[in-house]
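2 protein chains.
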Amino acid sequence: MNKLFIIKIGGNVLDNPEALKKFLADFASIKEPKILIHGGGKIATKLGEQLGIQSNYINGRRITDSQTLDVVTMVYGGLVNKQIVASLQQLGCNALGLTGADGNVIKAVKRPIKDIDYGYVGDIKPDSVNSSLLYFLLKQNTVPVFAPLTHADGTMLNTNADTIASVLAVALGKHFDVRLIFCFEKKGVLRDVNDPDSVIRHLPKSSYNDLLTKNVFADGILPKLENAFAAIHAGVKEVLIGEASDLTKNTGLETEGTLITS
Amino acid sequence: MNKLFIIKIGGNVLDNPEALKKFLADFASIKEPKILIHGGGKIATKLGEQLGIQSNYINGRRITDSQTLDVVTMVYGGLVNKQIVASLQQLGCNALGLTGADGNVIKAVKRPIKDIDYGYVGDIKPDSVNSSLLYFLLKQNTVPVFAPLTHADGTMLNTNADTIASVLAVALGKHFDVRLIFCFEKKGVLRDVNDPDSVIRHLPKSSYNDLLTKNVFADGILPKLENAFAAIHAGVKEVLIGEASDLTKNTGLETEGTLITS
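Residue numbers (the UniProt record's numbering), protein chains in the order written: chain A, 1 to 262; chain B, 1 to 262.
Be aware that one or more of the hints could be misleading.
Pairs count within a copy or across copies, as identical chains cannot be separated in the list.
Below, simulated BS3-like cross-link-like pairs (lysine-lysine); rule was C-alpha separation at most 30 Å, straight line [what the hints assert, rightly or not]:
| # | residue 1 | residue 2 |
| --- | --- | --- |
| 1 | 214 | 107 |
| 2 | 237 | 42 |
| 3 | 107 | 22 |
| 4 | 249 | 107 |
| 5 | 114 | 139 |
| 6 | 139 | 125 |
| 7 | 22 | 114 |
| 8 | 205 | 187 |
| 9 | 114 | 174 |
| 10 | 107 | 187 |
| 11 | 46 | 3 |
In case anyone wonders, no lab produced these hints; they're calculated from the structure.
None of the values given here were measured: they were computed from a predicted structure.
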């Protein structure tokens with residue numbers, strides 16, 4: 001099968017114009033089929049403040065009321081997505097911006113209210129990806145660029161970018177050898193959270209289970225690792241967790257970050 | 001050749017939720033291949049005011065400085081486009097939002113500075129449409145929904161929605177029998193601007209030339225008519241100018257608005 005890179009970048013890159021510029025140049029230079037998923041960054045929060053809309057968080061998750069939904073739809077789906085698309089086009093990379101609503105590429109449901117009402121937040125079900133449209137676009141050398149938004153019942157929904165990256169990787173894992181890359185602010189998963197050079201270069205499932213029982217992992221990385229192994233379990237060939245500035249190395253054979261495999 | 005409807009709606013519909021809802025239901029019910037192009041409406045101006053950005057106009061055209069460009073990219077490319085896409089999806093119409101930047105569908109240039117610097121405004125050259133991507137999407141029963149934005153040299157550009165509709169009609173006129181429909185606030189082109197019932201139902205080129213010499217047309221409609229006949233001249237089969245609320249009739253054989261032909 002052909003290789004496919006599915007790459008998620010978060011706020012720390014989006015909020016830094018120089019870092020974003022370097023990242024997009026590295027991304028554009030990848031020769032294989034590729035998909036980019038971007039998060040939101042601080043721009044939405046800043047715009048919300050300018051408009052007098054308070055950002056509310058519960059357990060680290062933004063509560064998306066209707067005003068906040070408008071802000072994230074504008075910022076993620078409009079400003080951030082289109083600036084990235086225009087920049088990639090200039091770099092000769094035929095980017096095409098998408099949300100889950102466009103072409104009904106990702107079906108979602110509004111998160112059911114249990115203890116907390118998260119508002120207009122999308123939960124994605126497995127098997128909810130219209131992979132035939134994505135497959136066609138990739139075959140035409142077009143590069144999908146996803147904003148972290150989905151839809152249900154006629155409304156947009158704010159949706160976790162890591163989750164979008166994972167479901168895309170799982171769906172397209174049927175057609176491609178997918179390497180799913182999560183860019184974050186560290187070089188990779190650290191053996192010692194206080195030592196930035198203690199990157200675990202290769203983390204197969206067996207080592208993961210071993211290190212998990214030894215409580216090696218910092219709390220912050222655990223959800224990412226669970227997410228990564230869920231993707232591997234669902235058929236994604238490789239997941240890589242690393243720094244955005246190492247993208248070129250992390251799309252090669254000798255990776256800088258943490259390569260996760262079955 | 002198959003029929004294709006290319007339909008442009010402007011601010012008067014976008015700014016009225018009830019009118020927009022009816023319009024989108026009518027649009028979704030069109031069985032033939034179709035493309036929607038939306039304008040901006042007052043939302044961008046309102047958001048700009050809330051953010052303390054002044055809207056400047058010269059000769060009725062918005063001057064797009066970098067702050068205004070961010071606002072229109074957010075509002076046209078994000079909020080308006082994605083709300084329309086989500087609404088159409090709910091109506092069972094597989095909409096996919098686009099700007100000229102996405103898939104490099106429309107190539108533009110930043111308007112050259114002569115007497116006036118319009119700022120980040122896009123001018124579209126003929127033969128600048130990537131019609132193969134659009135053709136594929138239409139064949140898959142996907143419905144492109146265009147925001148009035150294009151791109152050049154790594155930046156988005158604010159672009160006239162009527163112009164986008166026209167260039168798309170011309171480019172796709174090679175593959176389809178295109179009816180290009182401009183929705184505006186009147187029933188059609190009026191013989192007497194003070195009599196809303198004086199709609200000219202059919203306006204072939206010969207009648208147009210005749211009525212032009214008799215100074216029948218109000219000044220406001222002249223640019224639209226020039227635009228329409230330019231499209232006819234470039235191979236578009238039919239142009240219809242009518243009211244958004246008459247869409248169902250205006251996509252049929254017995255049209256309510258003004259049907260322009262060669």
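task = Go through the numbered hints given earlier and state which of them the structure violates, listing their numbers in rising order.
result = Structure breaks hints 1, 2, 4, 5, 7, 9, 10, 11.
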